[in-house]
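Q: If you're matching them up, the sequences are chains A and B in order.
Going by this note's numbering, the first sequence opens with residue 3, and the numbers climb by one from there.
Going by this note's numbering, the second sequence opens with residue 990, and the numbers climb by one from there.
It should be emphasised that the hints constitute simulated quantities derived from the structure, not laboratory data.
Treat each hint with caution, since some may be false.
Claimed, not checked - Chain B side only, calculated, beta carbon under 7 Å to chain A, not exhaustive:
| hint | residue |
| --- | --- |
| 1 | Gly1072 |
| 2 | Gly1109 |
| 3 | Gly1112 |
| 4 | Leu1113 |
| 5 | Gly1114 |
| 6 | Arg1116 |
| 7 | Lys1146 |
| 8 | Ala1154 |
To be verified - FRET-style restraints, in silico, Cβ to Cβ:
| hint | chain 1 | residue 1 | chain 2 | residue 2 | range |
| --- | --- | --- | --- | --- | --- |
| 9 | A | Leu366 | B | Arg1099 | 23 to 33 Å |
| 10 | B | Pro1159 | A | Leu216 | 42 to 52 Å |
| 11 | A | Gly5 | B | Glu1079 | 50 to 60 Å |
| 12 | A | Ser368 | B | Pro1096 | 20 to 30 Å |
| 13 | B | Gly1072 | A | Gly184 | 51 to 61 Å |
| 14 | A | Ile250 | B | Pro1059 | 50 to 60 Å |
| 15 | B | Pro1096 | A | Leu216 | 49 to 59 Å |
| 16 | A | Ser96 | B | Pro1057 | 22 to 32 Å |
| 17 | A | Ile160 | B | Gln1133 | 17 to 27 Å |
Stated by the list, open to error - Listed next, the stretches of chain A that the computed footprint assigns to chain B, with coverage defined by at least 3 CB atoms under 8 Å from CB atoms of chain B:
| hint | stretch |
| --- | --- |
| 18 | 20-32 |
| 19 | 149-160 |
Ideal placement from N, C-alpha and C gives every residue a C-beta, glycine not left out.
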Amino acid sequence: MTGAKRSLAGLDWLNFFTAEVQTGFGAFIAVYLTLHHWTGLAIGSVLSLGAVVTLASQIPAGLVVDWMPSKRVAAAIGLAALGASALLFVFVPSQFGIGLAEILHGFAGCMLGQAIAAISVALVSRHVLGLRLGRNVRFASVGNGIAAIAMGVGGAWIAGWSVFALAAAMCIPAGLALVAIGPTRPQRDALEVRRVDRAPLAEIGALFLDRRLLAFMVCMAFFQLADSAMLPYAGRKIAGETSTLADIAIAAAIVLPEIVMALLSPLVGRGAERHGRRLILMLGFAAEPLRGFLFGVVHGPALLVLAQGLNGVSAAVVGVLLPLIAADIAHDHGHFNLTVGAIGVAGGVGTVASTAVAGAIDSLVSERAAFFTLAFAGLFATLLVWLIMPESGRSTPRGVAAEPVRS
Amino acid sequence: MTRHCPMRSAGRHREPVVLDEISEDRATRSFSTKAIIAFAALLGAGSVGTAFGAAPPAPAAPLEVLKPLPPKVKTVVKSSAEGILGQPVEDPKGQTIGNVVDVLIDPEGRPQAAVVEFTGFFGLGNRDVAVDWRALHFSVQNDQILIRVGLEPVALKAMPPYKPAAESVPVATSAVHVTAGSP
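With the hints as extra help, turn the sequences into a complete structure.
A: Encoded structure:
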C-alpha cells in the first residue's frame, strides 16, 4: 500500500518536473537564438525542423512505448534525451547543436509524454483514471506556471542560457520522482484484457477503423487549428496595448491559464467519469471560440489577460480527456500509446495549419480577422464534438465502481 | 557590393593563408587532376561531364578552379564592421528594448529602416517594429557598437507591427509622432 502511495506521489512530481523541463522549450527559443545573432529565417527553419520531428515522432514514439515492457525505462530515456537537448542549447548554440537539440527534443518529448500517460493508466484502475489524469494535469500546470516565471525572470535578467540550464537541471528531480514509481507491470494487464486474438496488423487496422478514434482525431485537428496560433497573437496584442508594465501583463497571461488549469483539472477528471467524456469535451472546446471572439473585440490588458484565462479551461479538458479517451479506445483494441500518438498527429496537423492560416490572415487582412477565423475553427470543433463524437467511456453513477461495460 | 565585401571577409581572412600552404604541392596535384580528367574523357566524357554540372568546359578550366584568386583583403576592426542582426537596441534611458532582426533597404542598397523586435516576457508578446534608420544613433562602447533609438519605447510599441508580406511598411521616424489610439 505504501509502495502504491509512493508510486502515485512519484507520478505527481514526475508530472510537475517534466512540465518544468518542457517549459524551457517554448517561445523563448526564438529570443535566445536572436540573441545569438540568428536570422529570422534560420530561427524559423530550426523551429520548423523541431515541429516536423515532433509530428513525425508521435506514431513511432507510441509504437516504441507500447512495445517496451517497462514504461519507466521509456520515461527515463525520454527524460535523459530532453536533458541532453537542453544542454545542447546551453553549450552548442550553433546550427548543428540547435538542430540536433530540436530533433532530440521532438522525439524525446513525445516519448516522455507517452510514457507518463502509460504509467498513469497502469498505476490506477480504470474507473478512477479520470481523477488520476486530472491530478497529472494539475501538477503539470503548476510546474509550467512556476517554471515560466522563473525562466522568464532568468532569461531577462540573468542570461538567455539560464533558461535551458534550469530546464536541464529540472531533469534531476524528475528522474528522482521517476525512481520513486514502483513497477507497474501487474496493473498493466488491465489494458491487455480486451485484446482479441488477431494478427498485429489486423489489430491495428481495427483500431484505426474505430469510429471513436477517427472522430476524436478530426475534432482534435480542428481544436488545435483554433488553439495553437491564438497565444502568440494574443501576446502581441497585449504587449502592443500595454504602455507600461507589459511584462507583468504578459506574465499574467502566461500564468492565469495555468492557475485555471490547476483548479479545474480534478473537476474535469471527475466530471468525465460522472457525466461522460462527450459533454465535458464539448464544454472545454466551447471555451476556444469564446476566447478567439474576445481577443478580436476586447481591448486593454486586463480583459485580454482574462480572455487568455479561458485557455486554462480548454487546456485542462484536453489534457485530461486526450489520454482518457485514448484509454477508452485502447480498452477494446490495445495499443494505448499508438492511439495517443494517432491523436497527437491529428492535433499536430491542426497546429501547423493554425500557424500558417493565422499568419496569412494577419498579414493580408488584419489581426482581428485572424482571431475571428481561429474562433470560427473553434466553434466548428465544438460542433463536431456534438455531431460526430460518440461517447467513448461509460458514465458510471456516483460512487459505483462497476466493472467496465462494453458500449 | 564593394562596401559589403570587407565586412564579410573580416571574419574569414585566414582562408588565403590556407590556400598558400596548399599551393606548395600544386604541381603534383595538378598532375593528378589532369590524369583524372583524361581518364574521365576516356570513359566517354559526355555523361560524366554533365554529371559534374558546372565543369563541362575545356579540360584546362579545372586548373583555374584549383587556385581561386582571393579579392584584395583589408582587415577591419570588429567595431568598424559589426554584424547587425541580433544587436540589442537601447531606448534613450539606456534600457535594452529589443534586438535588430532585419534591415530594410532602398533600391540603391542603402539602409532605410531597422526592424526591431521588442522582446516580451519569456518570448511572448514579441512585436516587430520598423524604425527609421535616421532615428537610430550608433556609438562604440567597450569595442561594441551600441545602437540607441531616439524614440520613446511606449510610443514605438503603440505603432502597427511590421509585416513582411504587406504592401507598405509603417516606419517610426524621429519626428514627433502621434499615433491614433495611443495613451
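Q: If you test the structure against every hint from before, which numbers come out violated?
A: none
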